[in-house]
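Participant: Each protein sequence line maps, in turn, to chains A and B. Heads up, the first sequence is in numbering that gives the first Met the number 0, so the first residue is 0 and it goes up one at a time. Heads up, the second sequence is in numbering that gives the first Met the number 0, so the first residue is 0 and it goes up one at a time.
Be aware that a few hints might be false.
[Claimed, not checked] Computed from the model, here is a short list of chain A residues facing chain B with C-beta under 7 Å:
#: 1; residue: 43
#: 2; residue: 63
#: 3; residue: 64
#: 4; residue: 104
#: 5; residue: 155
#: 6; residue: 159
#: 7; residue: 162
#: 8; residue: 186
#: 9; residue: 187
#: 10; residue: 191
Derived from the structure by calculation, the hints contain no laboratory data. Quantities reported herein were computed from a predicted structural model and do not represent experimental measurements. For glycine and all other residues, C-beta sits at the position ideal for the given N, C-alpha and C.
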Amino acid sequence: MNLTDGKESLSHLIELLTAGDCGQVVREIQDLLAKGVLRETIIVDGIEKSLELLDAKCTVAEFNLLEIMLVGRAAMGAMKEIYPHDAASQPDRGAVVIATLEGDVHDIGKNIVKMILSWKGYRVVDCGKDCPLKLLLDAVEKEKPLAVFISGLITTVIPLVCQVKEALAARGLDDITVVAGGAALKQLSASQLRVDYVAEDAFSSLRFLESRAGAPT
Amino acid sequence: MTGMQRLEAALHLGVGSRVPVVPQVFGFTAKLCGTPLTEYLASGDTLARCQLQTREHFGYDAVFGVMDVSVETEAVGSKLCFRDNHYPSVTSYAITQAADLKRLCLPDPSRAGRMPEILRALGIMRSVLADQVPVVGLVLGPLTLATQLMGMEKALYLAIDEPDQFTEILEFASQVTTLFGRAQLRAGAHLMMIFDPASTPAVVPPHFFREFELPLITRVFAEFKREGSLANWLHIAGPVEPILPYYGPAGADIANIDYQVEPDVALRQLPGICINGNLKSSSFIFSSPEEIRDTSLALMGAFQDRGGFILSSGCEIPPESKPGNVGALVSAAGVRGRLRG
Chain A
0 MNLTDGKESL
10 SHLIELLTAG
20 DCGQVVREIQ
30 DLLAKGVLRE
40 TIIVDGIEKS
50 LELLDAKCTV
60 AEFNLLEIML
70 VGRAAMGAMK
80 EIYPHDAASQ
90 PDRGAVVIAT
100 LEGDVHDIGK
110 NIVKMILSWK
120 GYRVVDCGKD
130 CPLKLLLDAV
140 EKEKPLAVFI
150 SGLITTVIPL
160 VCQVKEALAA
170 RGLDDITVVA
180 GGAALKQLSA
190 SQLRVDYVAE
200 DAFSSLRFLE
210 SRAGAPT
Chain B
0 MTGMQRLEAA
10 LHLGVGSRVP
20 VVPQVFGFTA
30 KLCGTPLTEY
40 LASGDTLARC
50 QLQTREHFGY
60 DAVFGVMDVS
70 VETEAVGSKL
80 CFRDNHYPSV
90 TSYAITQAAD
100 LKRLCLPDPS
110 RAGRMPEILR
120 ALGIMRSVLA
130 DQVPVVGLVL
140 GPLTLATQLM
150 GMEKALYLAI
160 DEPDQFTEIL
170 EFASQVTTLF
180 GRAQLRAGAH
190 LMMIFDPAST
200 PAVVPPHFFR
210 EFELPLITRV
220 FAEFKREGSL
230 ANWLHIAGPV
240 EPILPYYGPA
250 GADIANIDYQ
260 VEPDVALRQL
270 PGICINGNLK
280 SSSFIFSSPE
290 EIRDTSLALM
300 GAFQDRGGFI
310 LSSGCEIPPE
320 SKPGNVGALV
330 SAAGVRGRLR
340 G
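Construct the complete structure from the given sequences, taking the supplied hints into account.
Facilitator: Right under this line is the structure:
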């Protein structure tokens, strides 16, 4: 297959991904692999391109969870098709520990961030929802991640979020970056939450991480 | 003028003796009264006492018969987890697959879960306040209830993958909403609020709201009016500007706006509808009373020419808020709260 054909095929893949059509995306990946298009090409010029387009589209006015969920599901389906048996062969750009803290069981925002970070090659250690602070700290101690991401939909978790940096420091982990996001937490500033960054949406959390990690977005 | 008269003036886009002020306080009232949140969430008597005492303390213009957002899903069959100082969360959803809908029954509000406690609280508050102060009932919007019946992620994927099945679940949810709301009106609520955070454009795109949710909200509000609701109050938090044009056709008389909606935008999009909002919820925890007062004064200034405004937060005032900040909101509207010793 020549380069032009590959790009045309990838533009179709990007269209399908952007539409969030998981079934069609999987069939398209199968077709591309059968035609001999490299996995890396599909990921970089197809899946990551769709991620960039979604990022650009998700302005404050247009951002909605449903659309991101659909594109995310389609992209995860694509990745499973590309790496069906050996997830470890995906690039590993470092670990990120993510959680929704104790008292908050809303994990949809966390799951979306997890998907996006996974796309970009980060190994996401998911501490789940309703996560006690100790469990989060244990995971950070074990994984030595690039950053800790905390998602919060309801205001009752705010006091716990405010404790994270101090609790990390008490364990000698004061160099770990802490990022907060979600409907409740994004109403506040980083200094109010005592974290390093408050993300407006999933993509801004990614951009912040990439800027800290020194990697291109 | 009474709180009721001020509300009625606002509903007619008029100007009463002052701007009505209605802090959206639920669990906060328990905290202020030194009552464990778990007791507030379990007992209609306790809810009514906390709501009445807190209103008496600050002197604002309405009370709410509200516990939390899990009352309906619990009544249908979901299992909840209650913990100290937290609202409950769902541990086991009533619907784990679309086929579960066939075995579910509509709840009887006089018997199911904590619904009777809500009805009891509304009756007590109506009896104490008579028609001087509005008593507000609350139900979840059908979409939000659907997400509470089966989990948000599952519900939204179902909407895309199996829209017919999802529509059936929404229809069931709207029947629960209608039943519970009508029961609240009969029990003592003067007016009903539909609280529908899942319908925000931050979660679903506007066309999704228009196609799935708008027809149901319209029907539910019509039922509430037939049952005697003084007004229909639509509360969708977040950046709702793209769906504001649907509020009028839905039958909303009061539109809640969150901090993400500018007053001039709301005024332009909702020319004939009373508006409430829109102080940031978290500001009641982190801001100073002076900041709350200044923001409140600016807000009232934005609506001064048109009228039809209720000073309020954009969403719930969190239980951990500073009481002085609620006092500052109320004082800004010109109220002298009678402080209890």
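Participant: Each hint needs a verdict: does it hold in this structure or not?
Facilitator: To see whether the hints hold, each was checked on the structure:
{"no.": "1", "hint": "43", "verdict": "violated (28 Å)"}
{"no.": "2", "hint": "63", "verdict": "holds (5 Å)"}
{"no.": "3", "hint": "64", "verdict": "holds (5 Å)"}
{"no.": "4", "hint": "104", "verdict": "holds (4 Å)"}
{"no.": "5", "hint": "155", "verdict": "holds (6 Å)"}
{"no.": "6", "hint": "159", "verdict": "violated (11 Å)"}
{"no.": "7", "hint": "162", "verdict": "violated (14 Å)"}
{"no.": "8", "hint": "186", "verdict": "holds (4 Å)"}
{"no.": "9", "hint": "187", "verdict": "holds (5 Å)"}
{"no.": "10", "hint": "191", "verdict": "holds (5 Å)"}
Checked against the numbered hints listed earlier, the structure breaks hints 1, 6, 7; every other hint is satisfied.
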